[in-house]
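Hey, can you work out the whole structure from these sequences and the hints?
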Amino acid sequence: VTCFRGKSHPNPTSLENPNTDIGFCGRILVGLSLIFLLITLPISIWMCIVIVKEYQRAIIFRLGRLLSGGAKGPGLFFVLPCTDSFINVDMRTVTFNIPPQEVLTRDSVAVCVDALVYYRVQNPTLAVANVSNADAATQLLAQTTLRNVLSNKNLAEILSDCEHIAHFMQVTLDNATDDWGIKVERVEIKDVKLPPQLLRAMASEAEATREARAKVIAAEGEMSASRALKEASLVIAESPSALQLRYLQTLNTIAEEKNSTIILALPLEILPKFVNT
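Quick note on the UniProt record's numbering: the sequence shown kicks off at 1 and runs consecutively.
FYI, nobody ran anything at the bench for these hints, they're computed from the structure. Because the structure is a prediction, the values reported are computed rather than measured. It is possible that some hints are incorrect.
Straight-line C-alpha distance at most 16 Å; calculated EDC-like pairs for lysine to aspartate or glutamate [stated by the list, open to error]:
1. K153 to E163
2. K153 to D107
3. K183 to D90
4. K183 to D135
5. K190 to E102
6. K190 to E163
7. K193 to E157
8. K153 to E102
9. K190 to D114
10. K193 to E102
11. K53 to D90
12. K190 to D161
13. K193 to D114
Next comes the structure, spelled out in structure tokens:
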């Protein structure tokens, strides 16, 4: 004989407005519970008072059925002994560190990635009635989602577009956990670890790129210097006295460095005159 009527597997919509009809047998049990409460006063009153903190909500079941009105709290409320049971649900934001996941990217590179997930219980009724352990389910789903998302990206996209990947993961997790009463607030890619061989190859590539760029810059500098020297020689060629002034300026520069030896450049044409004398 069935003492209770109604659906055996409520959907999320019915959980918001539960059927509170507990049947004839249920009413008898509730009445007996009230009689027991009155007989054992004032001792039994302490078994009926429940205090829920500001960040908690209580889901009350009476003979296995959800009470109307949804989650209770915060504050103080009463439950009937023997027939009522309750579950406290923490509404605060939970931070979950996804363990490092070994992922093979789309371009066949093995990387190790870990992330942070921030989520909270948005609907306590769904979090209790629709999933056995909402926290564990959300954390396992976050690990699987991270692996699935990164396996469709190449290494360059993972390294340069972490913010977009994190936002896509947040939207995907939030949509998947709606039926569990969970709100995923934020996802952050914490670290991307590359194999040592790949790090050395990338370092060598970057070093070669910098060396090639330095050589190009040095060659451009030499070209600019040669053009400037060419223009200077044309200017000096127009005035023979300019060469002498440049020569004296060079001697002045050498003298400022406090050197004891100064080399004077003499034309070779005057050497035979000194030898003949």
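Given hint D90 paired with K183 - CA-CA distance at most 16 Å: Holds, at roughly 13 Å.
Pair hint outcome, K153 versus E102 [Cα-Cα no greater than 16 Å]: OK: K153 and E102 at ~14 Å, within 16 Å.
Taken at face value, is the distance from the CA of D114 to the CA of K190 at most 16 Å? 6 Å, holds
Straight-line Cα separation of K193 and E157 no greater than 16 Å? Answer holds: K193 to E157 is near 14 Å, not above 16 Å.
Given the hint that K53 pairs with D90, does the C-alpha gap stay at or below 16 Å? Measuring from Cα to Cα gives roughly 9 Å; hence the hint holds.
Does E163 sit within 16 Å of K190, going by the straight-line distance between their CA atoms? 11 Å, holds
Holds or violated: K193 and D114, Cα atoms, limit 16 Å. With a Cα-Cα distance of about 9 Å, the restraint between K193 and D114 holds, given a limit of 16 Å.
Given the proposed pairing of K190 with E102, does the C-alpha separation stay at or below 16 Å? OK: K190 and E102 at ~14 Å, within 16 Å.
Given the hinted pair K183 and D135, is their alpha-carbon gap at most 16 Å? Status holds; Cα separation ~11 Å.
Verify the proposed pairing of K190 with D161, using a straight-line Cα cut of 16 Å. With Cα atoms ~13 Å apart, K190 and D161 stay inside 16 Å; holds.
Given the hinted pair K153 and D107, is their Cα-Cα distance within 16 Å? Since the Cα atoms of K153 and D107 sit roughly 8 Å apart, the hinted pair holds (cutoff 16 Å).
K193 paired with E102 [C-alpha distance capped at 16 Å]: 9 Å, holds
Hint violations for this structure: none, all hints satisfied.
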